[in-house]
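Listed in order, the protein sequences are those of chains G and L. Quick note, in numbering that gives the first Met the number 0, the first sequence goes up one by one and the last residue is 157. Quick note, in numbering that gives the first Met the number 0, the second sequence goes up one by one and the last residue is 404.
Partner residues aside, some chain L positions facing chain G, computed with beta carbon under 10 Å:
no.	residue
1	92
2	110
3	112
4	115
5	123
6	195
7	196
8	197
Listed below are the simulated EDC-like cross-link pairs for lysine to aspartate or glutamate, each with C-alpha atoms no more than 16 Å apart in a straight line:
no.	chain 1	residue 1	chain 2	residue 2
9	G	50	L	196
10	G	38	G	24
11	G	41	G	145
12	G	41	L	109
The set of hints was computed from the structure by calculation and includes no laboratory data. Predicted, not measured: the structure shown is a model, and the values here were computed from it. Quick reminder that beta carbons are idealized off the backbone N, C-alpha and C, glycines included.
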Amino acid sequence: MIRKKILLLGDFSVGKTSLVKRYVDGAFDDKYLTTIGVKISKKLVEIDGVKCELLIWDVEGSTPSKKISLGYYRGASGAIFVTDITRKETLDNLQEHKDVFLSENPDAHYVTAYNKADMLSEIDRDSIVLEDDVFLTSAKDNKNVEELFIELVKKMIR
Amino acid sequence: MKRVTPAISKGIADNKETMIDALYPIMGGMISKYVTQAIKEMMETINKKIESGFSFERYKRKAKAKLTGVSETELLMEESSEAIISSLFVIQKESSLLIAEAHLENKEIDDAHMVASMASAIKDFINDWAQNAETGSEVQILSYGNATLYIESAGSVFIVAFLDAEPDYEQRAEINAFFASVLKEYSDFFHHFDGDDSAQEVVNLSMKMEDYLYTQAPSKTPKSKKNPAKYIFIFLGLLLLAYGVYLFKTWYIADSLERKVYAQTGEHISIQKREDILVLEGQISSLDKIDKIHTLLRNYKKNTKIQDNLTVPISYINQRFRALTNMGTGSFISVDEKLKLLERNFSTSVDVLNNKVLKLTKSLDKSRTELSQIIQRKDDEISALKNDKETLEKNNSSKKWRNNR
Numbered sequence: 000m001i002r003k004k005i006l007l008l009g010d011f012s013v014g015k016t017s018l019v020k021r022y023v024d025g026a027f028d029d030k031y032l033t034t035i036g037v038k039i040s041k042k043l044v045e046i047d048g049v050k051c052e053l054l055i056w057d058v059e060g061s062t063p064s065k066k067i068s069l070g071y072y073r074g075a076s077g078a079i080f081v082t083d084i085t086r087k088e089t090l091d092n093l094q095e096h097k098d099v100f101l102s103e104n105p106d107a108h109y110v111t112a113y114n115k116a117d118m119l120s121e122i123d124r125d126s127i128v129l130e131d132d133v134f135l136t137s138a139k140d141n142k143n144v145e146e147l148f149i150e151l152v153k154k155m156i157r
Numbered sequence: 000m001k002r003v004t005p006a007i008s009k010g011i012a013d014n015k016e017t018m019i020d021a022l023y024p025i026m027g028g029m030i031s032k033y034v035t036q037a038i039k040e041m042m043e044t045i046n047k048k049i050e051s052g053f054s055f056e057r058y059k060r061k062a063k064a065k066l067t068g069v070s071e072t073e074l075l076m077e078e079s080s081e082a083i084i085s086s087l088f089v090i091q092k093e094s095s096l097l098i099a100e101a102h103l104e105n106k107e108i109d110d111a112h113m114v115a116s117m118a119s120a121i122k123d124f125i126n127d128w129a130q131n132a133e134t135g136s137e138v139q140i141l142s143y144g145n146a147t148l149y150i151e152s153a154g155s156v157f158i159v160a161f162l163d164a165e166p167d168y169e170q171r172a173e174i175n176a177f178f179a180s181v182l183k184e185y186s187d188f189f190h191h192f193d194g195d196d197s198a199q200e201v202v203n204l205s206m207k208m209e210d211y212l213y214t215q216a217p218s219k220t221p222k223s224k225k226n227p228a229k230y231i232f233i234f235l236g237l238l239l240l241a242y243g244v245y246l247f248k249t250w251y252i253a254d255s256l257e258r259k260v261y262a263q264t265g266e267h268i269s270i271q272k273r274e275d276i277l278v279l280e281g282q283i284s285s286l287d288k289i290d291k292i293h294t295l296l297r298n299y300k301k302n303t304k305i306q307d308n309l310t311v312p313i314s315y316i317n318q319r320f321r322a323l324t325n326m327g328t329g330s331f332i333s334v335d336e337k338l339k340l341l342e343r344n345f346s347t348s349v350d351v352l353n354n355k356v357l358k359l360t361k362s363l364d365k366s367r368t369e370l371s372q373i374i375q376r377k378d379d380e381i382s383a384l385k386n387d388k389e390t391l392e393k394n395n396s397s398k399k400w401r402n403n404r
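The following block holds chain L by itself, in its conformation from the complex:
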């Protein structure tokens, strides 16, 4: 290889035009291949965007296409060509020292200070050459492959924006406007910067630059490439989770109270927690246990409201009545207590019956509606049959009349 290289170099030097002619068909093919590849990549990007099913951006684009009359594909192509600013540098012009830097997530630049110095050296070199050539312009764009450095200079500093494509006029104007705001705020600091990056201004400026990077148009920054639908689902999920936790807590409290009541009284009752009220249902063996159950439940939480639907068996009431009478404690008291017990059982039973009647009424209403619909359908069928019969009779009478003639 070492032997061949000088021969090729000499050959190119001696016959430049011949070499160019010889290489052109190959280079042309390479360029064509490169362009094809670039178009393929762009089409893939567009296809991906089209396929990105449930996306807020997609519907926004569709609406924009309808409103503006520009096709969705054209809008997509426009989006695909938008350059993303991945990093920003502010560099002191005189010393080429990097004052502040900011990057998008995972786009950090290694050896940023050396890169800043090198960018500055290249810029100075080109600017010097341009002045020599009397063009009087300043270098603004440096490109290598997909990386583009956009440089905007002011008096004491210049800003370097690292992009993945060349920025268009609009984007340059945006960067320049941001740069102007930075200059306005930090101009004094830039003049007196001596290479010490521990100054608070450096921290503040870096944060401002980072904010700017993440507030690029929503479709541009990776951080903002998020689907709002996802957030809605997350919100609904959290809401469901919170409701689930609430239900579980309610069930858990009721269940543990039921266990506690059973453990201490031996009674199986059903407890339901409805907001701040504990609803008790079921039948207990004796009246003495009601107070015990109430005390237990009040220990759980002070001032707990209790809706007591507990009942005792009629046999227990009779037994109790007899016992009180036999003890001679006075028939008046025992009759009164019996009445109270019966009243309690009666009112609970009435509640239960009321509920049942309500349910039956509802189902009766439903059946009634269904029945009236069925009757209506049958009526319709009957009237249709009557009509058919009349038509047939008419036909038969006209046949008879024709036969008679």
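So that you can see chain G by itself, here it is in the shape it has in the complex:
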């Protein structure tokens, strides 16, 4: 069996922990508790006959002014960049999160989640144009969460 370290990165309160909780435990809790440091979970997936155990590092939120320990980034095979679709600044900071991560792990893979899709109207949701490897997700409604993680795993083991 192979094991891969993946990170969830993004600003504060974008729903990283909720995405992990939905994917690993199949649950959702709308109480907000900020993550301090890092919380590690694991999940076993099997894709195309390949068994892979994900060690998911749910890292505390960061912003350009509040950096996180670079030690957390090191050795990751993949990352999920999470933004809050209802907060523009979280989308603006996305590129910086990517730059920092790729500077530590140039060969790593990543996908992006525009989270909290449940807070958009249907019209707004339809108007959003998604690039490759970007998913409109909702941990609350369990929308595209599994797909998000599976896409990243496929990219990592390909």
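Guided by the hints, dock chain L onto chain G, whose structure is given.
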């Protein structure tokens, strides 16, 4: 409770020093209680060790105390404070992935991969903080209650030893030496590790680590906490068991042969198996049955040696002699056969008599020795009485002499 908590929090925030002053007497008591408990536990450990009666370790300790001049209690205290390494992890530094793990029996760690990642995250966090604080040192010990994690880092990996107490300098040096040997052997593999734990190197490394855990000082590992005396008893027990089995087998063979002989000849004889020889004893009714018995015994095992001490009654010999003479088969042949029979009976009887004479001689020797001892004692008593008599006579004559004067 929910209403009280914010009030307490605010109270502590506003009056930190007052709160500390108020809590100190309680905390002091708690600390004192904790220390007392810790000492009590240590004393219990020492007492247990002292009471562990027939133990090789105990005598070794006693000898060490005599030789070094250090008291046994001090040696025991030193032993009690030795930390046991219950688990070992080798973790890739860059990815925080667990490469190999090993545990003592019943000390397995659940979710080892998550624990390894978390230990790695905590280490990274503290190291980052330490660098910020310009201390430049690396985290080496993480402790919680009785659990201690000793961390030693190298270039691509770090080792985590899980102990029940903080390791002393000597133990750290031991762990580091082991780690160095691991690095020397697996350095290339560590560099190229990609999370695939099915590699043969992972299996080999885990075995090496497990061996290391079980070769800690004999008093440390639960597996080696065994009493050599126990093994001696087990060995002696097995030896006795093997001897018992041998005796039973010998008896069983002889008994079944005796039954077989009785079933096929109707003769009750005694058979004893002495190594490879079957010793036959007893009296049979006629000479014809001897051959039959011998054939039966040879069927049991080819080339069996037989020591035949069987006898036939004199009346049978006479009867046989008379019968042969009456048949006119020639007195010469019948006389010859009679002689052979008598000779056979005679030689068996001589053997029996010899044995009896030997036994009697032995008991006679014993009685003779006892008798000479008794005679010696009586002689001693007589000479003691003679001495007493002489003393009395002297006393009497001196009395008479004084009276005469």
